[in-house]
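> Residue numbers (the numbering used here), protein chains in the order written: chain A, 1 to 381; chain B, 1 to 256.
Quick caveat, the hints were computed from the structure, so don't treat them as lab data.
Quick list of the computed label-pair ranges, beta carbon to beta carbon:
no., chain 1, residue 1, chain 2, residue 2, range
1, B, 199, A, 376, 43 to 51 Å
2, A, 36, B, 149, 35 to 43 Å
3, A, 343, B, 31, 28 to 36 Å
4, B, 196, A, 109, 18 to 26 Å
5, A, 191, B, 12, 46 to 54 Å
6, A, 282, B, 215, 52 to 60 Å
7, A, 3, B, 31, 14 to 22 Å
8, A, 200, B, 18, 52 to 60 Å
9, A, 306, B, 123, 30 to 38 Å
10, A, 2, B, 24, 31 to 39 Å
11, B, 149, A, 58, 29 to 37 Å
12, A, 343, B, 135, 52 to 60 Å
Each computed EDC-like pair below joins lysine to aspartate or glutamate, with the alpha-carbon atoms no more than 16 Å apart:
no., chain 1, residue 1, chain 2, residue 2
13, B, 196, A, 66
14, B, 196, A, 8
15, B, 196, A, 59
16, B, 196, A, 7
17, A, 203, A, 33
18, B, 199, A, 8
19, B, 198, A, 66
20, B, 93, B, 208
21, A, 10, B, 12
22, B, 198, B, 70
23, A, 10, B, 70
24, A, 139, A, 174
25, B, 93, B, 123
26, B, 2, B, 57
27, A, 202, A, 33
28, B, 200, A, 7
29, B, 50, B, 113
30, B, 196, A, 58
31, A, 110, A, 165
32, A, 181, A, 134
33, A, 303, A, 66
34, A, 331, A, 261
35, A, 117, A, 165
36, B, 199, A, 7
37, B, 198, A, 58
38, B, 198, A, 7
39, A, 181, A, 230
40, B, 108, B, 208
All residues carry an ideal CB built from backbone N, CA and C; glycine is no exception.
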Amino acid sequence: MYFELTEEQKLIRDMVRSFAETEVAPSAAERDETEHFDRALMFDRLGELGLTGIVFPEEYGGAGADYISYAIAVEELSRVCGSTGVTLSAHLSLCANPIYIFGTEAQKQKFLTPLAKGEKIGAFGLTEPSAGSDAGGTKTTATRDGNDWILNGSKIFITNGGEAEIYVVLARSDKSAQKHKGISAFIVEKGTPGFSFGKKEKKMGIRSSPTMELVFENCRIPGENLLGKEGEGFKVAMKTLDGGRIGIAAQALGIAQGAFEAALAYTKEREQFNAPIASFQGVSFQLADMATQIEAARLLIYKAAYRASAGLPYSLDSALAKLFASETAMKVTTQAVQLHGGYGYTREFPVERMMRDAKITEIYEGTSEVQRVVIGAALTK
Amino acid sequence: MKILICIKQVPDMESKFKINGEGTWYDQADLAWRMNEYDEYAVEQAVRLKEQVKDADLTVLCIGPDQVTEPIKKALAMGCDRGVHIADPDSSKREPIAIAAMIAGFAKEKNFDIIFTGMQSQDRGSAQVGVMVAEFLGISAVTTIVDFAYDNGAIQVKRELEGGSKALVTGTTPVVLTCQLGLNTPRYPTLPNIMKAKKKELLVLAPDTGGMGARQETAACYFPEKKGGGLVLEGEIPELADKLIQLLKEKTSVLA
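Please model the entire structure based on the sequences and the hints provided.
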């Protein structure tokens, strides 16, 4: 068992870190303030650097790297900007990846290739007003009409919504089938008649990542856009979320790492009672706990990512990683604000933004409660 | 066209340095490493030249222990075609002329048109290796370049001189060019190119200084003494301003 990154993984980390610090970090606070999604920076540049298709084979416009490299990229982006991190994670894990796993060759050529090359943004439509953690409760319908499908309903809280050109959408295609069995997955392109966008959410954190409602009103899509087999949508969703959890865990890790570094630098510099506050045991013990939890989260993520790359089952591993990393992010960012004192509560320092960004990682792509359900079920089955 | 780029791996300058046990260099344990900044300009310029002339073969060379394959891989990911690692765990103990002799030993009779390297390393900072390679090979050298143009065997470069002035130098290949800050902005190695880099040729050679024995050695390496608390000027504001301007002119390059 090796605990060293490969030369390629180190090069990827150094490259993404340098890009993130030089180009992404300077505008992070302002984009948060203005809720601005800067596509040229937060997506197009990622495409130019080959990050939008990291894990996919070269034949589909990808880079052919492994999931650890992907986790590293999301971590490094999120270390300076949680919004940019989730833009990549939602695009790659939730849209490009299910098309890669379940798509036909024609679907991969048509949809995966432009996604991987960074020419088009991807998004994933699962959540509905009455179907969140309970994906089986999907109410959006897909009705067959000749060779086509007609979609009706709405999806909420969709990351990259409005900006994305390609959406993987879950809809109930068989009303008579049991809850989970009547759902199918579809690929829907922006601009399809009957597909529009509802309200843009005003959020606590990740404010420069757009979150929108998707609305389908008699939206006709061709039969060849069915992703996977009819009735297998729930399986597509679950498999997609397994991969997504690695991305969100890595996002949480990056946010925690960024907040920790800010707190470490601040406490070494901030003097009270004629000494840097980091020299006080009460502070250094907090820093020690933060560093320990971050490193544990990183190892859980790398293990899940390793198993995903090796073709081994990783549902349990990604749930463990996502649960621990997101709760670590919340704890570490809260402590980082505390260690900054009054300054930490202001928008002059990045830890305030990081604490707001961290909270969502405990909620989306499976709440902490759902992760415990997944882990508990795996332990007791 | 054949181009050689000579690079060095140096510690990240934000690392915490400690003096080693012998007191002659820094302790190399627990440091983060990267490609010497000036050598990154050299790699970038070589890759740009290849993009310009199309038909060029870029060899990147680095001397040092096994870990220097990391900057070699980075240079390959930035666009170099092949790597050469002169595997020398003692490279940090060698004086500049021995390093230059190893490079020249590799480069001789290979007819490189241009050899790009950094104007100095960020750690040793001798700024001697590039010019000594040129001397060994019997070709010309232009140092501290901040601008570069090539046209059919002719080069035109700008050199940075003291006090902010520049010199325009023209010449022909073969030539050694040492690169200075401001020459270019090195590109990020893209992910697909990082993945392709591992398939590129990497030749490993034993160190051979061609009998170039030690002529100098570092007697001691130490941190500068901590200075006192700066200079406090006293007096009325107009007088203070005059004193400050005078000091800035005399003691610094902030004001000319």
